[in-house]
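Novice: Residue strings, one per chain:
There are 2 protein chains.
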Amino acid sequence: MSRIITISREFGSGGRAIGQAVAEKLGIPCYDQELIEKIAEESGLSPDFVADESENMPRGLLFSVPIFEDRSYSGFSMQDVLWQAQKKVIVDLAEQGDCVMIGRCADYILKGRQDLIRIFIHASVKKRAEWVMKTYGETKDQAKKHIEEMDLRRRTYYRLYADMKWGASRNYTMTLNSGEIGEEKCVDIICTLY
Amino acid sequence: MSRIITISREFGSGGRAIGQAVAEKLGIPCYDQELIEKIAEESGLSPDFVADESENMPRGLLFSVPIFEDRSYSGFSMQDVLWQAQKKVIVDLAEQGDCVMIGRCADYILKGRQDLIRIFIHASVKKRAEWVMKTYGETKDQAKKHIEEMDLRRRTYYRLYADMKWGASRNYTMTLNSGEIGEEKCVDIICTLY
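Note that the protein sequences, when read in sequence, are chains A and B. 26 is the number of the first residue of the first sequence in our numbering; add one for each residue after it. 26 is the number of the first residue of the second sequence in our numbering; add one for each residue after it.
Bear in mind the hints are in silico, worked out from the structure with no lab data behind them. All values reported here derive from a predicted model rather than from experimental measurement. It cannot be assumed that every hint is accurate.
Identical chains share a label here; the pair holds if one copy fits it or two copies do between them.
Capping the alpha-carbon separation at 30 Å, the derived lysine-lysine pairs in DSSO-like fashion look like this [to be verified]: (1) Lys165 / Lys112; (2) Lys63 / Lys151; (3) Lys113 / Lys210; (4) Lys169 / Lys210; (5) Lys113 / Lys169; (6) Lys170 / Lys190; (7) Lys210 / Lys190; (8) Lys165 / Lys190; (9) Lys170 / Lys50; (10) Lys63 / Lys152; (11) Lys170 / Lys113; (12) Lys63 / Lys165; (13) Lys50 / Lys165; (14) Lys169 / Lys151; (15) Lys152 / Lys165; (16) Lys210 / Lys136; (17) Lys112 / Lys63; (18) Lys210 / Lys152; (19) Lys152 / Lys170; (20) Lys159 / Lys112; (21) Lys165 / Lys113.
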């Protein structure tokens with residue numbers, strides 16, 4: 026039986042890097058950018074659109090206003106098309122064997138599988154702001170605003186599509202505060218669990 | 026610098042046994058029953074009262090109705106006296122060096138310490154019901170009702186005293202689903218973190 030590790034993460038928590046390091050250490054594939062490409066292929070939408078519009082909820086959708094219509098699927102928005110493609114890609118990849126999947130509600134889409142290890146990585150706003158300042162060269166105020174906006178988008182996206190409270194411990198096998206534990210130790214712990 | 030591991034746990038998740046095993050493996054004290062005795066001594070209340078009335082919120086308090094008055098502390102309920110004693114005992118014990126503390130809002134009371142490792146142990150109702158049936162010889166329905174009641178009590182207690190959402194991942198260094206991970210592996214993971 027395969028084992029699938031899904032990584033959900035707060036923006037700026039280093040969750041992506043942790044997921045990639047776990048996959049490397051375990052010698053299994055990590056689906057991150059590749060997930061975007063496959064979803065783009067499946068849906069016929071551009072990789073840029075997939076990258077921007079899926080997890081990072083477009084502002085319009087926060088208020089449940091459909092902002093696009095895909096004429097080829099009458100009654101479905103482009104977001105719905107994306108979601109269907111995303112589900113298909115994730116379920117198919119999970120069938121192919123052990124892997125790490127970053128984001129994209131993979132935890133929710135694969136829910137119920139016995140071989141699922143659902144991880145949530147988070148950190149304090151202070152720690153995440155440090156990361157954003159370093160990574161994007163933003164000021165402290167810009168970084169905090171950026172985090173606030175991304176948190177709202179991801180939380181809304183989860184509630185809308187996954188009907189799940191984002192970050193509630195009961196939805197995960199394990200949650201880790203990367204700011205307290207450190208990225209390297211998070212990798213060790215996830216590998217211990219695997 | 027010492028390191029303090031606090032274990033908060035859902036009723037029936039095996040969190041107490043995990044905490045005790047962690048302490049044993051690390052060769053550090055585990056404060057559980059001892060915490061109750063020390064709080065009783067500090068407050069002048071009986072150990073039975075402390076055990077029953079503190080974490081396992083009395084029914085009356087769920088609706089914020091004071092059920093006792095301690096005449097020697099005018100204006101304070103016995104619960105307030107208990108809370109003050111609990112705070113003092115936990116802060117004093119934390120000063121004595123590395124240890125594991127089970128329950129009693131120790132995570133909240135010691136919040137802000139750099140050496141704090143805050144763990145939350147949870148499991149599905151199904152898994153916990155199995156534990157309760159085995160431990161207390163209850164029927165499935167009784168076990169589920171018991172769990173529901175204990176969850177409500179602990180959640181209310183946390184909200185009232187710690188002003189914290191019980192089980193929200195952001196309040197912990199790490200949360201573990203003992204039903205998925207297994208008690209033994211939980212012990213290993215916490216020891217890795219320490």
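Novice: Each hint needs a verdict: does it hold in this structure or not?
Specialist: Quick rundown of the hints versus the structure:
Taking identical chains as interchangeable, the C-alpha atoms of Lys165 and Lys112 are never at most 30 Å apart, the minima being 37 Å within one chain and 35 Å between chains. In this assembly of identical chains, Lys63 and Lys151 lie within 30 Å of each other by CA distance neither inside one copy nor across copies; the values are 35 Å within and 37 Å between. Proximity of Lys113 and Lys210 under a CA criterion of 30 Å is satisfied in neither setting, with 33 Å inside one chain copy and 33 Å between copies. In this assembly of identical chains, Lys169 and Lys210 lie within 30 Å of each other by CA distance solely inside one copy; the values are 26 Å within and 37 Å between copies.
Neither within a single protomer nor between protomers do Lys113 and Lys169 lie at most 30 Å apart by alpha-carbon distance, with minima of 35 Å and 36 Å respectively. In this assembly of identical chains, the alpha carbons of Lys170 and Lys190 lie at most 30 Å apart whether taken from the same copy (22 Å) or from different copies (24 Å). Taking the closest pair of Cα atoms, Lys210 and Lys190 come within 30 Å of each other both inside a single copy (26 Å) and across two copies (26 Å). Taking identical chains as interchangeable, the C-alpha atoms of Lys165 and Lys190 lie at most 30 Å apart whether they share a chain (28 Å) or sit on different chains (27 Å).
With identical chains, the CA atoms of Lys170 and Lys50 are never at most 30 Å apart, being 34 Å at best within one copy and 44 Å at best between copies. For a Cα distance limit of 30 Å, the shortest separation of Lys63 from Lys152 qualifies neither inside one copy, at 32 Å, nor across copies, at 37 Å. Taking identical chains as interchangeable, the C-alpha atoms of Lys170 and Lys113 are never at most 30 Å apart, the minima being 34 Å within one chain and 39 Å between chains. When the C-alpha separation of Lys63 and Lys165 is checked against a cutoff of 30 Å, the pair qualifies neither within a copy, at 35 Å, nor between copies, at 45 Å.
With identical chains, the CA atoms of Lys50 and Lys165 are never at most 30 Å apart, being 34 Å at best within one copy and 42 Å at best between copies. When the C-alpha separation of Lys169 and Lys151 is checked against a cutoff of 30 Å, the pair qualifies only within one copy, where the shortest distance is 8 Å, while the shortest distance between copies is 40 Å. In this assembly of identical chains, Lys152 and Lys165 lie within 30 Å of each other by CA distance solely inside one copy; the values are 11 Å within and 44 Å between copies. With identical chains, the CA atoms of Lys210 and Lys136 are at most 30 Å apart both within one copy (26 Å) and between copies (22 Å).
Taking CA atoms no more than 30 Å apart as the test, Lys112 paired with Lys63 passes inside one copy only; the shortest distance there is 11 Å, against 54 Å between copies. For the identical chains of this complex, Lys210 and Lys152 are neighbours both inside a copy (16 Å) and across copies (29 Å), given an alpha-carbon limit of 30 Å. For the homomeric pair Lys152 and Lys170, the shortest alpha-carbon distance inside one copy (14 Å) is at most 30 Å, but the shortest distance between copies (41 Å) is not. Proximity of Lys159 to Lys112 under the C-alpha cut-off of 30 Å is found in neither arrangement, the shortest distances being 34 Å within a copy and 39 Å between copies.
Taking the shortest Cα distances, Lys165 and Lys113 never come within 30 Å of each other, neither inside one copy (39 Å) nor across copies (37 Å).
Of the numbered hints given earlier, the model fails hints 1, 2, 3, 5, 9, 10, 11, 12, 13, 20, 21; all others are met.
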